[in-house]
Amino acid sequence: MHVLVCGGTGCQASASSEIVSCFQNILADKGLQDEIQVIKTGCFGFCEKGPIVKIMPDNTFYTQVKPEDVRKIIEEHIIKGRKVTDLLYLDPENKEHVADSKHMGFYKKQLRIALRNCGFINPESIDEYISRDGYEALGKVLSEMTPQQVIDEITRSGLRGRGGAGFPTGVKWGLCAKSKADQKYAICNADEGDPGAFMDRSIMEGDPNSIIEAMAICGYAIGASQGLVYIRAEYPLAIHRLEIAIAQAREYGLLGKDILGSGFDFDIELRFGAGAFVCGEETALIHSMEGKRGEPTFKPPFPAVEGYMGKPSNVNNVETLANIPIIINKGAEWFSKYGSEKSKGTKVFALAGQINNVGLIEVPMGTPLRDIIYEIGGGIKGGRQFKAVQTGGPSGGCLTTKHLDTQIDYDSLVAAGSMMGSGGMVVMDETSCMVAIAKFYLEFTCEESCGKCTPCRIGNKRMLEILTRITEGNGTMEDLEELRNLAAVIKDTALCGLGQTAPNPVLSTLDNFWDEYVEHVVEKKCRAGVCKKLMNYVIDQEKCIGCGKCAKNCPANAISKTEYIAPGHKLPSMVINTSVCIKCGACMSGCKFDAISVK
Amino acid sequence: MAKVKSLAELKAMKDKLRSNLDLREKSNNPDSLVQIKVAMATCGIAAGAKQVMEHMMEEADKLKLSIIFTQTGCMGYCHAEPTIEVRKPGKEPVVFGHVDNAKADEILTRYVMNNELVEGIIPVNYETID
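From first to last, the protein sequence lines stand for chains E and G.
Position one of the first sequence corresponds to residue 1 (the numbering used here), numbered consecutively onward.
Position one of the second sequence corresponds to residue 1 (the numbering used here), numbered consecutively onward.
If you are wondering where the hints come from, they were derived from the structure by calculation, not from laboratory data.
Predicted model, so just to flag it, every value in this text is computed and none were measured.
Treat the hints with care, since some could be wrong.
What the hints assert, rightly or not - Heads up, simulated DSSO-like pairs for lysine-lysine below, C-alpha to C-alpha not over 27 Å straight-line:
#, chain 1, residue 1, chain 2, residue 2
1, E, Lys452, E, Lys543
2, G, Lys91, E, Lys108
3, E, Lys140, G, Lys91
Stated by the list, open to error - Here are the in silico distance ranges between beta carbons for each label pair:
#, chain 1, residue 1, chain 2, residue 2, range
4, E, Lys95, G, Glu116, 33 to 41 Å
5, E, Leu32, G, Asp100, 27 to 35 Å
6, E, Lys95, G, Val118, 33 to 41 Å
7, G, Asp15, E, Glu443, 27 to 35 Å
8, G, Leu21, E, Pro57, 20 to 28 Å
9, E, Gly382, G, Leu63, 35 to 43 Å
10, E, Thr476, G, Gly48, 35 to 43 Å
11, G, Asn101, E, Asp492, 39 to 47 Å
12, G, Glu127, E, Thr476, 48 to 56 Å
13, E, Pro168, G, Lys64, 27 to 35 Å
14, G, Asp105, E, Gln385, 34 to 42 Å
15, E, Val171, G, Asp105, 32 to 40 Å
16, E, Lys95, G, Asp15, 38 to 46 Å
17, E, Leu571, G, Gly48, 30 to 38 Å
Unchecked claim - Short, incomplete list of chain G residues facing chain E, as computed with Cβ under 8 Å:
#, residue
18, Leu65
19, Phe69
20, Lys88
All C-beta atoms in this analysis are idealised placements derived from N, C-alpha and C, irrespective of residue type, glycine included.
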């Protein structure tokens with residue numbers, strides 16, 4: 001028998017260590033220490049009801065266990081085999097106690113649809129993919145469905161583009177299917193570029209066959225015999241596994257001529273990008289594949305009419321495609337059961353930043369932000385306060401405490417001043433400066449701007465200059481006004497999505513953290529202590545004993561002796577020359593007397 | 001390799017592959033094998049998953065344990081890489097996180113050989129579709 005005690009950060013804070021030692025002591029008293037093993041585990045993702053104790057092998061799941069409950073669990077459950085009812089989870093719906101964690105699926109906030117095979121199958125074996133219904137959806141569309149039926153099924157499922165903008169996938173396919181041409185292309189956009197996002201890479205590395213199958217289905221629906229994957233060369237393992245999967249699919253005749261005896265031909269080639277952010281924009285992506293500069297062009301014509309090599313093309317994101325085979329297999333109704341009214345299915349997020357359980361997660365659309373941060377994410381690191389979460393990468397914005405109950409889907413994120421984006425989710429606490437965050441994302445878009453249109457090339461640069469001024473303590477209130485004006489013009493006039501959305505991080509932080517901007521401008525103060533130019537290290541003359549360690553640690557020789565000897569001390573105190581100080585903090589971290597502080 | 005020529009053939013192939021897997025995974029037969037999956041996406045490999053897998057294979061040989069090692073994709077537990085899943089015949093799979101060589105040895109000698117759980121378990125916190 002095993003006793004599993006949650007050792008996640010949330011449960012640790014509510015005495016799980018004490019619970020473990022209680023178990024060990026009482027079990028030892030009763031001479032059971034050799035038969036019953038007490039193990040501390042990782043986070044169960046149910047922190048709200050922690051600490052969690054699970055008894056194996058009968059899967060009993062006790063919630064909110066206190067150290068004083070341990071004796072009862074041992075005497076009743078472990079010795080007499082009777083479950084301790086009042087510690088079981090109380091189902092809020094029907095007020096019944098739930099014992100077996102197998103029937104507690106509802107506590108698991110995550111549902112893996114796009115990631116269904118990631119971490120389950122060997123991505124380099126097509127056999128394992130086939131054993132989990134792989135290529136059955138392709139077989140089904142080729143033998144039982146017309147292209148129009150496939151498009152209708154995808155449209156009815158409510159699947160929307162997972163690259164960020166959320167355009168209905170079925171509608172996109174329908175547009176391309178209508179275009180008449182001798183050659184069409186089914187293109188997979190694997191140019192994942194948001195800082196900190198790796199959803200698409202994980203899918204390609206964990207389940208490459210699902211992308212191949214989905215592309216073939218798309219090819220059948222739109223009338224394309226050629227598929228192209230545009231993938232960044234900096235994803236070597238994803239490329240390697242896609243290549244293996246393509247070779248194996250060809251061997252089995254699941255790519256190539258006359259697939260499954262249906263007369264349908266389809267094959268896939270890989271095209272490598274150099275990792276430019278703008279090439280995730282579909283027209284820029286197509287130009288890059290054609291061997292031209294990766295610059296966007298005006299739409300219309302849409303790629304569905306005039307795309308790769310001037311032929312009708314359909315571009316879908318990796319995660320969008322990963323949903324296709326399962327929709328065909330299980331039906332549009334099954335898929336649209338999950339999610340919110342206008343956003344169906346699930347979304348994969350790369351959860352990062354100041355959060356305990358950094359990870360790749362997949363949740364049904366409409367999951368409240370609070371659940372993602374406090375349940376799945378296990379709360380903020382170091383017990384600090386939640387400040388904001390950035391979604392949508394350089395095109396998105398920040399959500400704050402007032403948005404914690406926002407249900408995450410395409411429309412509610414836009415309403416809250418951010419966007420879904422491809423699925424980066426960066427959690428920030430009070431040690432993050434929101435002005436510096438806005439500046440970080442703008443630096444990224446300035447770097448990645450292709451330079452073709454003026455609003456993006458010059459407008460964003462001017463915004464970055466203003467933000468830099470503010471973080472260095474030279475900003476004015478007029479600057480804040482100017483930021484808003486520039487942002488509005490850039491949004492209205494930039495050529496492609498990159499430019500049009502680049503001001504979003506600035507606008508959303510201006511809206512949600514106006515006080516912080518004003519503080520930087522008027523008081524020349526950064527409350528998070530991030531903007532170095534606004535900070536000064538100061539030595540408290542009364543506390544300093546004059547040991548000189550700070551002066552030794554200082555790489556800029558900015559610290560010297562004064563002539564003042566504080567009462568009770570023998571040596572003169574030290575002082576920092578702020579004009580030489582580089583604000584590295586080495587003095588403060590070395591001082592044993594707490595004499596140095598940041599002002 | 002033979003080409004799959006129709007949907008019916010594909011389904012027959014799936015059934016055969018699946019029953020092979022089931023035999024391997026679900027059977028209560030003590031002779032059936034222990035299976036260890038190592039999460040090896042780029043990030044897992046960067047965290048040392050490859051070295052740990054090689055180390056475990058060598059150790060398993062020394063201990064004369066018959067274990068099937070397979071690589072798999074991302075399990076999603078970035079905060080606890082490298083991660084492995086150990087599936088013993090007739091038992092629920094158990095995921096362990098932060099597996100270095102020492103932890104790997106502990107898992108092999110204590111969990112695989114003696115059925116004792118060791119610290120470092122990550123409870124699976126998601127549902128998946130069948």
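### Message
Please check whether Leu65/G passes as an interface residue: C-beta within 8 Å of a C-beta belonging to chain E.
### Response
For Leu65/G, the interface hint is violated, since the closest Cβ of chain E sits about 20 Å away, which is over 8 Å.
task: With a cut-off of 27 Å on the C-alpha distance, tell me whether Lys452/E and Lys543/E pass.
output: Violated. Lys452/E to Lys543/E sits at ~58 Å, over the 27 Å cutoff.
Review point. Does the CB of Lys88/G sit less than 8 Å away from some CB of chain E?
Key: This interface hint is violated because 12 Å lies over the 8 Å limit.
**Q.** 27 to 35 Å as the expected CB spacing between Asp100/G and Leu32/E, which holds or is violated
**A.** For Leu32/E and Asp100/G the Cβ distance comes to about 31 Å; the hint holds.
Against the 27 Å threshold, does the CA-CA distance of Lys91/G and Lys108/E hold or violate the hint? Between Lys91/G and Lys108/E the Cα gap is close to 21 Å, so the pair holds against 27 Å.
Does 30 to 38 Å hold as the CB distance between Leu571/E and Gly48/G, or does it fail?
49 Å, violated
Q: Can you let me know if the beta-carbon spacing of Lys95/E and Glu116/G is within 33 to 41 Å?
A: Roughly 38 Å apart at Cβ, these two residues keep to the hinted range, so it holds.
*CB of Lys95/E to CB of Val118/G, is that within 33 to 41 Å?*
Holds, at about 38 Å.
Go through the hint on Phe69/G and say holds or violated, using the shortest Cβ distance to chain E against 8 Å. 10 Å, violated
Indicate whether the distance between the beta carbons of Leu21/G and Pro57/E respects the range 20 to 28 Å. Since Leu21/G and Pro57/E have Cβ atoms about 23 Å apart, the given range 20 to 28 Å holds.
CB-CB spacing for Asp105/G and Val171/E relative to the 32 to 40 Å hint: 55 Å, violated
Quiz item: For the pair Pro168/E and Lys64/G, does the Cβ-Cβ distance stay inside 27 to 35 Å?
Solution: 57 Å, violated
Against the hints set out earlier in the document, violations occur for numbers 1, 3, 7, 10, 11, 13, 15, 17, 18, 19 and 20.
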